[in-house]
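Protein chains: 2
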Amino acid sequence: MRYELYYWPEIQGRGEFIRLALEEAGADYVDVARREGKRGVAAMMKFIDDKSSARPPFAPPYLKAGKLVIAQTANILLYLGPRLNLSPRDEGGSLWAHQLQLSIADLMVEIHDTHHPIGSGLYYEDQKPEAKRRTEDFWRHRVPKNLGYFERVLQNNGGQHMVGRRLSYVDLSIFQIIAGLRYAFPKRMKRFEKKVPGLVALHDRVAQRPRIKAYLASERRIAFNEWGIFRHYKELDA
Amino acid sequence: MRYELYYWPEIQGRGEFIRLALEEAGADYVDVARREGKRGVAAMMKFIDDKSSARPPFAPPYLKAGKLVIAQTANILLYLGPRLNLSPRDEGGSLWAHQLQLSIADLMVEIHDTHHPIGSGLYYEDQKPEAKRRTEDFWRHRVPKNLGYFERVLQNNGGQHMVGRRLSYVDLSIFQIIAGLRYAFPKRMKRFEKKVPGLVALHDRVAQRPRIKAYLASERRIAFNEWGIFRHYKELDA
Numbered sequence: 001m002r003y004e005l006y007y008w009p010e011i012q013g014r015g016e017f018i019r020l021a022l023e024e025a026g027a028d029y030v031d032v033a034r035r036e037g038k039r040g041v042a043a044m045m046k047f048i049d050d051k052s053s054a055r056p057p058f059a060p061p062y063l064k065a066g067k068l069v070i071a072q073t074a075n076i077l078l079y080l081g082p083r084l085n086l087s088p089r090d091e092g093g094s095l096w097a098h099q100l101q102l103s104i105a106d107l108m109v110e111i112h113d114t115h116h117p118i119g120s121g122l123y124y125e126d127q128k129p130e131a132k133r134r135t136e137d138f139w140r141h142r143v144p145k146n147l148g149y150f151e152r153v154l155q156n157n158g159g160q161h162m163v164g165r166r167l168s169y170v171d172l173s174i175f176q177i178i179a180g181l182r183y184a185f186p187k188r189m190k191r192f193e194k195k196v197p198g199l200v201a202l203h204d205r206v207a208q209r210p211r212i213k214a215y216l217a218s219e220r221r222i223a224f225n226e227w228g229i230f231r232h233y234k235e236l237d238a
Numbered sequence: 001m002r003y004e005l006y007y008w009p010e011i012q013g014r015g016e017f018i019r020l021a022l023e024e025a026g027a028d029y030v031d032v033a034r035r036e037g038k039r040g041v042a043a044m045m046k047f048i049d050d051k052s053s054a055r056p057p058f059a060p061p062y063l064k065a066g067k068l069v070i071a072q073t074a075n076i077l078l079y080l081g082p083r084l085n086l087s088p089r090d091e092g093g094s095l096w097a098h099q100l101q102l103s104i105a106d107l108m109v110e111i112h113d114t115h116h117p118i119g120s121g122l123y124y125e126d127q128k129p130e131a132k133r134r135t136e137d138f139w140r141h142r143v144p145k146n147l148g149y150f151e152r153v154l155q156n157n158g159g160q161h162m163v164g165r166r167l168s169y170v171d172l173s174i175f176q177i178i179a180g181l182r183y184a185f186p187k188r189m190k191r192f193e194k195k196v197p198g199l200v201a202l203h204d205r206v207a208q209r210p211r212i213k214a215y216l217a218s219e220r221r222i223a224f225n226e227w228g229i230f231r232h233y234k235e236l237d238a
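Note that the protein sequences, when read in sequence, are chains A and B.
Numbering of the first sequence is given in the numbering used here, commencing with residue 1 and proceeding in unit increments.
Numbering of the second sequence is given in the numbering used here, commencing with residue 1 and proceeding in unit increments.
None of the hints are false.
Copies of the same chain look alike in the list, so a pair counts if it fits in one copy or across any two.
Straight-line alpha carbon distances no greater than 27 Å define the calculated BS3-like cross-link-like pairs of lysine-lysine that follow:
{"id": "1", "residue 1": "Lys195", "residue 2": "Lys145"}
{"id": "2", "residue 1": "Lys51", "residue 2": "Lys38"}
{"id": "3", "residue 1": "Lys194", "residue 2": "Lys145"}
{"id": "4", "residue 1": "Lys145", "residue 2": "Lys38"}
{"id": "5", "residue 1": "Lys145", "residue 2": "Lys46"}
{"id": "6", "residue 1": "Lys128", "residue 2": "Lys145"}
{"id": "7", "residue 1": "Lys195", "residue 2": "Lys46"}
{"id": "8", "residue 1": "Lys38", "residue 2": "Lys67"}
Hints listed in this document are in silico derivations from the structure and should not be mistaken for laboratory results.
Same shape as in the complex, but just chain A (with noise of 0.2 Å):
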C-alpha cells in the first residue's frame, strides 16, 4: 500500500516521528505537502476544515492509508506499527509501546511550551520572560524526569531497544528527542547526557542503520529550524 502522509511541509515537528518509521521501513509513501508545495498544503488544511467530513483530523499530522484517515502521531504509529514491523504484534506488547509513545508526545507538549508557554498563536517574541522561566522548571525537573524515566526503561530492557528485542518506532521516536534537544539547547545538553547514556548510545546506533543514515542525509529531512517544536533560541541555552 501507498501512505499518504500530510504534514507541514517546512519542519520536521510532529510529523517527522512518522517519516522516521516510515523511512526506516523502507516504506512506499508520498509527503504529500512536500511534493505538492503550496498547493499540498491548501489541500490539506481543505480537508481539515471540512465542515462536512465525518472523521476530519484536529490537526495535521494525518495520515491516508487506503480508505482510513488517521490523525495523532501516536495513533498513526500505533497502526503502523505491526504494518511496518516496529512494534510487537501482542496486545500487551503493543500498548507498552504506544505508551511509551504517548509519553514522548506528552514531552513534545512541554518542550514545545519552553517557547510558547502563554499560547503558541502568539510570537515567541511576545512570551520572552514567560519562556525564560518555563525552560528554567523544564531542565530542572522535566528533562531529568522524562529522559530518566526513558533511560531506566531502556536500561530495564537490556539497554538495546526500548521495547522488546528489536528496534521499534519507540526507538527512532527517542533519537528524534536527543537529536532536537541537541539541536534546541546545545549547551544544556551537553552537561545533561551523561546521566542518560542509554539514550545517547541509542540515539547514536539508529543514527547509523541504514536507512536512517541514508535518510538523514538527503533532501527528505528537513533541518531543524526555528519555525518548528525544537528552537534553538540562545539565551534559551544559558
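Since chain A is already given, all that's left is putting chain B on it; use the hints.
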C-alpha cells in the same frame, strides 16, 4: 475480571475518564488508592518508582488488568473500550475513537496549563500573572478551536454520539470536559455554551444515564477542587 485502578485519591484528574467508563459499564473494579488511603498512595508510588520494573508507568493513572499494567489515560480506554462495550470493534472505528480521546488528552494539558503555565511543580501563586495571560489566550483561541471541533464531529455524526451509533468512552469524556469547564470557569462557560449546543446536550444526556447518575450522586465521585486539573480561581474567570 476485577480491574484495579491506581490514581490519586483526592482528585478527579485524568483518572476520572477511566472511572466514568468503568462506572457506566458496571465493571468490577477497585479504586485502589481510594480504598486504602495513604497506604494505597504509597503502594502506587512505590510501583511507579520501582527501579527494576520492566514496564513502569510514567505517572498515574494506571490500570492492572490480570497480568497487564497499562498507563496513559487514552491507552487505558483503548484497552477497556471493546471490553466494556464502549468503543467500536472495527479497527477504523477503534482508531477514530482513540484519536478523539487523544485530542481530549491534549485539551486537558491546555486546561491544566491555564493555572500552571510555568511549572507543574510550582504553586499557582507563583505564576499568577502568567496564568492570567495564558487563560486569556486559552479562552480566546483554544476553547473555540477545540470545542468547536468536537461540536462539528458530533453534528456530522448525527448529534447523538461522538462515535458511531452507540455510547462510547468519548461521549463520557466530553461530559467530563463540559462539567469541568463549568466548574473552573462558570462565567466564561456560561457565555460560551451557546456555541456548542450539541456538546452541552450530550453532557446532559450522559448525566442522566442511570449508572452515571448514581455514580455522580455517590461518594465515589470526588468533588471538583483546587488540587485537580479543573480549578476555579475567580480571577481567571473574569
